[in-house]
Amino acid sequence: MEGFTFYFFAALALVGSAMVALLPRLVHSAFALVMALSGIAGLYWTLGADFLGAVQLLVYVGGIMILFLYGVMLTPKESSRWNLQSILFPGLLCVLPLAVLLHLGWTGVEAAVEFLPTLPEPEPTTKTMGKWFLDREKYLVPFELASIVLLVALVGSVYLARRRKEV
Amino acid sequence: MTPDISHYVFIGSVMFVLGVFTMTSRRNAIYILMGAELVVNAAALNFVAFARYRGEDLSGQMFAVFIIVLAAAEAAVALGIVLQLFQHFPTIDVSKSNTLSE
Numbered sequence: 003m004e005g006f007t008f009y010f011f012a013a014l015a016l017v018g019s020a021m022v023a024l025l026p027r028l029v030h031s032a033f034a035l036v037m038a039l040s041g042i043a044g045l046y047w048t049l050g051a052d053f054l055g056a057v058q059l060l061v062y063v064g065g066i067m068i069l070f071l072y073g074v075m076l077t078p079k080e081s082s083r084w085n086l087q088s089i090l091f092p093g094l095l096c097v098l099p100l101a102v103l104l105h106l107g108w109t110g111v112e113a114a115v116e117f118l119p120t121l122p123e124p125e126p127t128t129k130t131m132g133k134w135f136l137d138r139e140k141y142l143v144p145f146e147l148a149s150i151v152l153l154v155a156l157v158g159s160v161y162l163a164r165r166r167k168e169v
Numbered sequence: 007m008t009p010d011i012s013h014y015v016f017i018g019s020v021m022f023v024l025g026v027f028t029m030t031s032r033r034n035a036i037y038i039l040m041g042a043e044l045v046v047n048a049a050a051l052n053f054v055a056f057a058r059y060r061g062e063d064l065s066g067q068m069f070a071v072f073i074i075v076l077a078a079a080e081a082a083v084a085l086g087i088v089l090q091l092f093q094h095f096p097t098i099d100v101s102k103s104n105t106l107s108e
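Just so you know, the protein sequences line up as chains A and B, in that order.
3 is the number of the first residue of the first sequence in the working numbering; add one for each residue after it.
7 is the number of the first residue of the second sequence in the working numbering; add one for each residue after it.
Okay, chain A solo, but in the shape it has when bound (with noise of 0.2 Å):
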């Protein structure tokens, strides 16, 4: 059972992002993407990050996505049809990476699995995390600072995508 819902979310996300590199229109890759992402939640709660997976959904495929969707709508259609040519040397890119990822991922961590402990139960993550984001020892600092973070960017993309006077 544990098998088959791993493999159903990978295939989710796998999927999801070949149709993002691939298809042709831009909308349907944005919810190729929703797709992606949504497999990754999955993909969270089979690792028994709970708390996480919840977070990926609401601000990823909830949120994220409508500011794409609308990025979308608010410019023009163009044709992003790729040919043979404009994908040869990005392909060719890629495929160096891939290899060099791939192997030492097999590699290593096959190299790494007997040293694995043996996995505990997954326990519920929230309370957990809620205490460490506010614990000074641990991760208080950085989530102030996300805050801040996040307050300049409302502000910023506010100034940003406001429509200019005509001069």
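Check before you lean on any hint, since a few could be wrong.
Here are the simulated distance ranges between beta carbons [what the hints assert, rightly or not]:
hint, chain 1, residue 1, chain 2, residue 2, range
1, A, SER88, B, ARG60, 40 to 46 Å
2, B, ALA49, A, VAL143, 30 to 36 Å
3, A, ALA20, B, SER101, 45 to 51 Å
4, A, GLU123, B, PHE56, 40 to 46 Å
5, A, PHE6, B, ILE87, 25 to 31 Å
To spell it out: a stretch of chain B is covered by chain A in this simulated footprint if at least three of its residues, at any positions, have a beta carbon under 8 Å from a beta carbon of chain A; those stretches are [stated by the list, open to error]:
hint, region
6, 11 to 21
7, 63 to 77
Among the chain B residues that face chain A by a calculated CB cut under 7 Å, a handful are [to be verified]:
hint, residue
8, VAL26
9, SER31
10, ALA42
11, VAL54
Derived from the structure by calculation, the hints contain no laboratory data.
Where a beta carbon is used, it is the ideal one built from N, C-alpha and C, also for glycine.
Add chain B to chain A, keeping to what the hints say.
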């Protein structure tokens, strides 16, 4: 076969490379942003996958939360910039907004 960490590392690698491919093969600015989101998510998935093997230590998950926060801020500001680009040039094709190089 029950999934172990190598499966998550595999998914993270493939998503990262697909994100890089999206960023390099498209000229549309919104596509480039979507590729960046894929890259960031692949990194966050690796953080969470390795945190699973640390037992009580939830630092990987905390990092992933901060990654999500910063990605949200980045998406908002970047889309504001894209809208300004569209008002300044008649296009969001990043290869045509090259007045600084002329």
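Structure-based check of all given hints:
Take SER88(A) and ARG60(B): their Cβ atoms lie about 43 Å apart, and the range 40 to 46 Å holds. For ALA49(B) and VAL143(A), the Cβ-Cβ distance of about 22 Å falls outside the hinted range of 30 to 36 Å, so the restraint is violated. Between ALA20(A) and SER101(B) the C-beta distance comes to about 24 Å, which lies outside the given range of 45 to 51 Å. Between GLU123(A) and PHE56(B) the Cβ separation comes to about 18 Å, which falls outside the hinted range of 40 to 46 Å.
Checked against the hint of 25 to 31 Å, the C-beta distance between PHE6(A) and ILE87(B) comes to roughly 42 Å, which is inconsistent with it. Only residues whose beta carbon comes within less than 8 Å of a beta carbon in chain A count, and the region 11 to 21 of chain B has 11; three or more means the coverage holds. Here's how the region 63 to 77 of chain B fares: 10 of its residues keep a CB closer than 8 Å to some CB of chain A, so the rule of at least three is met and the hint holds. With a least beta-carbon distance of about 6 Å to chain A, the hint placing VAL26(B) at the interface is held under the 7 Å criterion.
Taken as an interface hint, SER31(B) checks out: its beta carbon lies about 4 Å from the nearest beta carbon of chain A, inside 7 Å. For ALA42(B), the interface hint is violated, the least distance from its beta-carbon to any beta-carbon of chain A being 11 Å, above 7 Å. Proximity of VAL54(B) to chain A holds as hinted, the smallest CB-CB distance being about 5 Å (cut-off 7 Å).
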